[in-house]
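Chains as they are written, first to last, in our numbering: chain D, 1 to 348; chain A, 1001 to 1348; chain E, 2001 to 2348; chain Z, 3001 to 3348.
These aren't lab readings, by the way, just hints derived from the structure by calculation. Quick caveat, the model's predicted, so the values are computed rather than measured. Glycine included, C-beta positions come from ideal geometry on N, C-alpha and C. One or more of the hints may lead you astray.
Unchecked claim - Using 20 Å as the maximum straight-line C-alpha spacing, the simulated EDC-like pairs for lysine to aspartate or glutamate come out as follows:
#: 1; chain 1: D; residue 1: LYS194; chain 2: A; residue 2: ASP1292
#: 2; chain 1: A; residue 1: LYS1194; chain 2: D; residue 2: ASP180
#: 3; chain 1: A; residue 1: LYS1263; chain 2: E; residue 2: ASP2177
#: 4; chain 1: A; residue 1: LYS1183; chain 2: Z; residue 2: ASP3177
#: 5; chain 1: D; residue 1: LYS121; chain 2: D; residue 2: GLU99
#: 6; chain 1: A; residue 1: LYS1047; chain 2: E; residue 2: GLU2272
#: 7; chain 1: E; residue 1: LYS2263; chain 2: A; residue 2: ASP1292
#: 8; chain 1: Z; residue 1: LYS3194; chain 2: E; residue 2: ASP2177
#: 9; chain 1: Z; residue 1: LYS3263; chain 2: D; residue 2: ASP180
#: 10; chain 1: Z; residue 1: LYS3183; chain 2: A; residue 2: ASP1180
#: 11; chain 1: D; residue 1: LYS183; chain 2: Z; residue 2: GLU3272
#: 12; chain 1: A; residue 1: LYS1332; chain 2: A; residue 2: GLU1242
#: 13; chain 1: D; residue 1: LYS263; chain 2: Z; residue 2: GLU3242
#: 14; chain 1: D; residue 1: LYS194; chain 2: A; residue 2: ASP1177
#: 15; chain 1: E; residue 1: LYS2194; chain 2: Z; residue 2: ASP3177
#: 16; chain 1: Z; residue 1: LYS3194; chain 2: E; residue 2: GLU2242
#: 17; chain 1: Z; residue 1: LYS3194; chain 2: E; residue 2: ASP2298
#: 18; chain 1: A; residue 1: LYS1263; chain 2: E; residue 2: GLU2272
Unchecked claim - Incomplete in silico selection of chain Z near chain E, CB under 10 Å:
#: 19; residue: ILE3130
#: 20; residue: GLY3134
#: 21; residue: VAL3135
#: 22; residue: ASN3136
#: 23; residue: CYS3137
#: 24; residue: PRO3191
#: 25; residue: VAL3192
#: 26; residue: THR3221
#: 27; residue: LEU3273
#: 28; residue: ILE3277
#: 29; residue: GLY3278
#: 30; residue: TYR3302
#: 31; residue: TYR3303
#: 32; residue: GLN3309
There are 4 protein chains.
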Amino acid sequence: MTIKVAINGFGTIGKRVADAVDAQEDMEIVGVTKTSPSFGCQLAVRKGYPLYCTFDEEDKIAAFAGAGYVCKGGLSELLSICDVIVDCSPGKVGAENLEKYQNAGVKSIFQGGEKHALTGKSYTSSANHIENLGVNCTRVVSCNTTGLSRTLVPIYELVQGKGSISVNSVMIRRAADPGDSSKGPINAIKPVLKVPSHHGPDLMTVKPEIDITSLAVAVPTTIMHLHAITVNLPLGHGLSTEKVLETWKNTQRVIVMNGTKNKITSTAEVMELARDIGRKWGDLHEIFVWEDGVSLQDNTLYYFQAIHQESDVIPENVDAIRAMMETETDWKASVEKTDRAISAYYGI
Amino acid sequence: MTIKVAINGFGTIGKRVADAVDAQEDMEIVGVTKTSPSFGCQLAVRKGYPLYCTFDEEDKIAAFAGAGYVCKGGLSELLSICDVIVDCSPGKVGAENLEKYQNAGVKSIFQGGEKHALTGKSYTSSANHIENLGVNCTRVVSCNTTGLSRTLVPIYELVQGKGSISVNSVMIRRAADPGDSSKGPINAIKPVLKVPSHHGPDLMTVKPEIDITSLAVAVPTTIMHLHAITVNLPLGHGLSTEKVLETWKNTQRVIVMNGTKNKITSTAEVMELARDIGRKWGDLHEIFVWEDGVSLQDNTLYYFQAIHQESDVIPENVDAIRAMMETETDWKASVEKTDRAISAYYGI
Amino acid sequence: MTIKVAINGFGTIGKRVADAVDAQEDMEIVGVTKTSPSFGCQLAVRKGYPLYCTFDEEDKIAAFAGAGYVCKGGLSELLSICDVIVDCSPGKVGAENLEKYQNAGVKSIFQGGEKHALTGKSYTSSANHIENLGVNCTRVVSCNTTGLSRTLVPIYELVQGKGSISVNSVMIRRAADPGDSSKGPINAIKPVLKVPSHHGPDLMTVKPEIDITSLAVAVPTTIMHLHAITVNLPLGHGLSTEKVLETWKNTQRVIVMNGTKNKITSTAEVMELARDIGRKWGDLHEIFVWEDGVSLQDNTLYYFQAIHQESDVIPENVDAIRAMMETETDWKASVEKTDRAISAYYGI
Amino acid sequence: MTIKVAINGFGTIGKRVADAVDAQEDMEIVGVTKTSPSFGCQLAVRKGYPLYCTFDEEDKIAAFAGAGYVCKGGLSELLSICDVIVDCSPGKVGAENLEKYQNAGVKSIFQGGEKHALTGKSYTSSANHIENLGVNCTRVVSCNTTGLSRTLVPIYELVQGKGSISVNSVMIRRAADPGDSSKGPINAIKPVLKVPSHHGPDLMTVKPEIDITSLAVAVPTTIMHLHAITVNLPLGHGLSTEKVLETWKNTQRVIVMNGTKNKITSTAEVMELARDIGRKWGDLHEIFVWEDGVSLQDNTLYYFQAIHQESDVIPENVDAIRAMMETETDWKASVEKTDRAISAYYGI
């Protein structure tokens, strides 16, 4: 059986999820939507993805033909032929969309821009794949929360039974996307004055056992977020810096590298490494941890990790589809399948 | 009695300390040193500060005359006429200098670039003025540590007797000075891989009762550092967000302003505020706290503060002189005196 | 006679012009306007400038008292007591304002944000002071045009009678103001697609004899603009690189310094030099020319100059007042008077 | 016949040239060199490129095996099996290398970091392919010069016979590479004080008929260079803005797009477009011209173009190989062949 996947919204996230799904043997893209004929339609055409209109109004659908694109219909028609729809629309329209999906009897995945309350269920591959088996609707959490899940869930599991962990995280965020030339600041640090920030606590929607708070600041860079993380471990945790590093090195979608030895001293060099890997858009699906920035002292674990905002959630969307469709109950097996297919896709 | 103050090293910090001392009624600048005749000498001449050579070699002293500057002698001669010398040399030569100062029987103040071990005594106005009364040598801690002292000591004092506080601080540092065009990064976040960083723990050299750790990252900005701080308060602390704000509003050299209402959303607007105040170099001696970024929830206090790297330690140097000379035992009185004189100096 | 000057709009430009006027012996500030009570009012109060409301509506005037400020009335009242008003309002309201000023019989000066057509007359000190003698209304041109006038008018005068000069200028602009944290780009170069740009040709409103075109790009910096200029000289110009440098060194409000020898390799070090000079806001009224970036080869002169956007036009406003009031017909004498007063004001 | 190509130096340029050559049907990579076993070797292994040592010393060759890499020998051995070697070494060793290549009887291509004097012959596809037919050694000019050649040679050809063109170009350069986190400035504009700069005049090594001068500044961005260009056309040129645009739209390796309509307002959006195209590293081999930034007024043509520093010269290296091997005498046919192969390689 091939899972029929639709993508509602073919922008920064949508175009990436489409390619990742297209790379899988057990899935196919049956359509992607655009609100109107624009440059992004060419990408869909080039990849051979059937093009639909986000709306059902006839004039809006007809506008595509007017611009020379074949549009196969409105959202309703797309919903009639898919098993799952991945909502990559720009947010704020989640509730309205969810109703349409439910009425059409189609399973749906939302992104981290929507609130947990919308779906009542959230997802990361390593935290709660099994809890998402067969659900009709879930939410893949944001890039930051996904990143926290990747490194904190394994630590949580290491000390499970010995006590709880509490986490303090400061998000140093890129202030604008790489293709955005209007947003600043150019020369300033901008605190997110709502404290604590929502990023950390959002992790508890997928792993409530991890007690976490966070603060966030925006800085003048366009390439990656960075997290400065302090974990308070339970007494008698039995861990060491080496044990933590070994665990992460064996964790899927986490890259651990020595910054000093490899001359990777900042997010700039991390992104250059990603370009060399050769995935489209220079994406880095993995979370990057600086080996020599990890230190466990007494009961406190310190580390830094870098997050590629546009792409770390992409493979999680693929895994979430398998969970909802119950075609793979073992999350590690799904991750293995997803990532191998993506790599083959890019010839790497 | 007027305290005779010498400045060894007339660079970024030295020129500011000289002006701040010069503004005081109870002090006078008897000389400043330069290693060789260069642009900075003009500043000294313009201000009327007697110019000395950092070294005692005759040819080095003579070089000044060759460039058209009146040099009154070498460091030894300067040491023979001063009560206190403020060492603002670029670091690494601290030990050597200290010996010279001690041999000359002159009290000395070092800056935060030197280690606590050199002087065995460190200083901030609010933390330990009284412990520095009459000492022969002390160290004014770094800009970051001074900033932490300003806001954390009052919190510590509020809960004294109720239990201890522990602090987690992430320093988001400007990667280069405003006048430095060679250092980067231009578009990256750079973690300081030595963890925990030295900045937080250095606070314990002036206030050992505050348990603190820190992480640091450098970001592409040249104007201010920003601290994202989480304070764990003791159970039964009895504080509230309002109480904390009220305390800081009554704390000298701390500015508390609402970012949203005043449209001060980043360090850029804080620096613009400083330029409007009208101090030379656009300096901001005060620590800036965003009122609407302060939140006390249960036992955890969150806040952000901005630090003007070149200048927050300047008035502390003046207070340290009074402590060492025992001319003012009450730190608050010294701060009042220092700051009023500086303001009058700039006509503000 | 003391010229009574009003400032309409007390923002970035207005507050600077007010201070510069206040520093002059032959002028006084009789009032400054704000649209509503806000932070900027404190600056006016601190300086002792009488505060007026930009509007005449009673409720708007009353709002100031409500916020604790003494407001002496509306714009009409201010117009009834001044000789000249300097319009520093944010633009687009020029025509409306001009009518009010004319009806009140008050001379007025507009800034470079307004078009030449509004006033029919434009002004820079070195280009056409004498043509502005006694006029009722003029426009001080923009920061960029003022900068071009400073260095190009002397070159034009050097070759006058030998032929005409034609100029090609590329403006590399700071994309945001230092206190603006919302505008980008963070990591991009943004061409001003309207070509040629208006900056260069605007010079012809004050010196029509100079044939000039320009292109402009915005780049991620907040501190200064930079001009890359190529001047085509007439055959038989008789000049040399040395002669050009000597001329500029003797030109008021132009600073010529060797970048390599003085380690001033970018606008960052130029701004640091300005902070050392000690003017409020770290302003640099002068145009900065890199001596070692000037080269005359055959008939082509190449050079770079840096422009401090907020401040180079400030002293020109003072000179323009004298021209309009006909109290000083010699532009060089006015400049001398203006600049000496400003320097004295800041104790430099 | 398949041309056997070696790459000496497998860094930023070398790895890209290798992939571009590997994509061609009429060429194959017989080996790439590294100075020592390092991260870059993995890229070569992954692509299946035989690995050689830059040096012939046995211990240096043996070091590769020690790090787990199969090294097939030193440079001499590589030279014994190739027809052409592309020198992508970091510069300054050009003369030494050239002698080795000549002694081995191997044709060689150098990059723009070397001077024209080294090879006595330079190359761009559109300017002088035919003059490079059969030569033993040539130099592919720098990214900036290549960019100038792409848009200026067609203009030159349009007016040929009607008179000469003269060009004034200002290069606004990215100050650091995307993977470089050490270089600044963070917040400044840095003029290249050697005037005129070498970039423009270097065009005359491939097309001496175009009279050109240039100035350069470095700005805080890491992604692209931008050129602001003014062309003086001969009287009676017979061109119009439309004619120029039409010409460039029909020119290979030039992309002309309307910035306003496509919301491509800066180099950030241009790079995002390149990421969407899907070439490895997000490269853009083409020169990007803003359609709405092109204007021909009287005899002056104004335009802006953006240059992707790492990649615009890559396909030129491929064409240069064909010229030297005389396997394709028509430059447009070579370009067509090169670009089609590269596109197919990336599945785009």
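Outcome of the hint check:
1. LYS194/D to ASP1292/A: The given pair, whose Cα atoms are some 8 Å apart, holds under the 20 Å limit.
2. LYS1194/A to ASP180/D: Status violated; Cα separation ~33 Å.
3. LYS1263/A to ASP2177/E: With a Cα-Cα distance of about 15 Å, the restraint between LYS1263/A and ASP2177/E holds, given a limit of 20 Å.
4. LYS1183/A to ASP3177/Z: Judged against 20 Å, a Cα distance of about 13 Å means the pair holds.
5. LYS121/D to GLU99/D: Answer holds: LYS121/D to GLU99/D is near 16 Å, not above 20 Å.
6. LYS1047/A to GLU2272/E: holds (18 Å)
7. LYS2263/E to ASP1292/A: Measuring from Cα to Cα gives roughly 42 Å; hence the hint is violated.
8. LYS3194/Z to ASP2177/E: violated (29 Å)
9. LYS3263/Z to ASP180/D: Since the Cα atoms of LYS3263/Z and ASP180/D sit roughly 10 Å apart, the hinted pair holds (cutoff 20 Å).
10. LYS3183/Z to ASP1180/A: Status holds; Cα separation ~11 Å.
11. LYS183/D to GLU3272/Z: With Cα atoms ~15 Å apart, LYS183/D and GLU3272/Z stay inside 20 Å; holds.
12. LYS1332/A to GLU1242/A: violated (23 Å)
13. LYS263/D to GLU3242/Z: violated (49 Å)
14. LYS194/D to ASP1177/A: Violated, because 29 Å separates the two Cα atoms, which is more than 20 Å.
15. LYS2194/E to ASP3177/Z: violated (29 Å)
16. LYS3194/Z to GLU2242/E: Satisfied, since the Cα-Cα distance of roughly 16 Å is no more than 20 Å.
17. LYS3194/Z to ASP2298/E: Within the cut-off at roughly 16 Å; holds.
18. LYS1263/A to GLU2272/E: violated (26 Å)
19. ILE3130: violated (32 Å)
20. GLY3134: Hint violated; GLY3134/Z Cβ to chain E Cβ min 37 Å, cut 10 Å.
21. VAL3135: For VAL3135/Z, the interface hint is violated, since the closest Cβ of chain E sits about 32 Å away, which is over 10 Å.
22. ASN3136: violated (35 Å)
23. CYS3137: Violated, about 31 Å.
24. PRO3191: holds (4 Å)
25. VAL3192: With Cβ-Cβ at 8 Å, under 10 Å, it holds.
26. THR3221: Hint holds; THR3221/Z Cβ to chain E Cβ min 5 Å, cut 10 Å.
27. LEU3273: Since the shortest Cβ distance to chain E is 13 Å, the answer is violated.
28. ILE3277: violated (18 Å)
29. GLY3278: violated (21 Å)
30. TYR3302: This interface hint holds because 4 Å falls under the 10 Å limit.
31. TYR3303: holds (7 Å)
32. GLN3309: violated (12 Å)
In summary, the structure is inconsistent with hints 2, 7, 8, 12, 13, 14, 15, 18, 19, 20, 21, 22, 23, 27, 28, 29 and 32 from the numbered list given earlier, while agreeing with the others.
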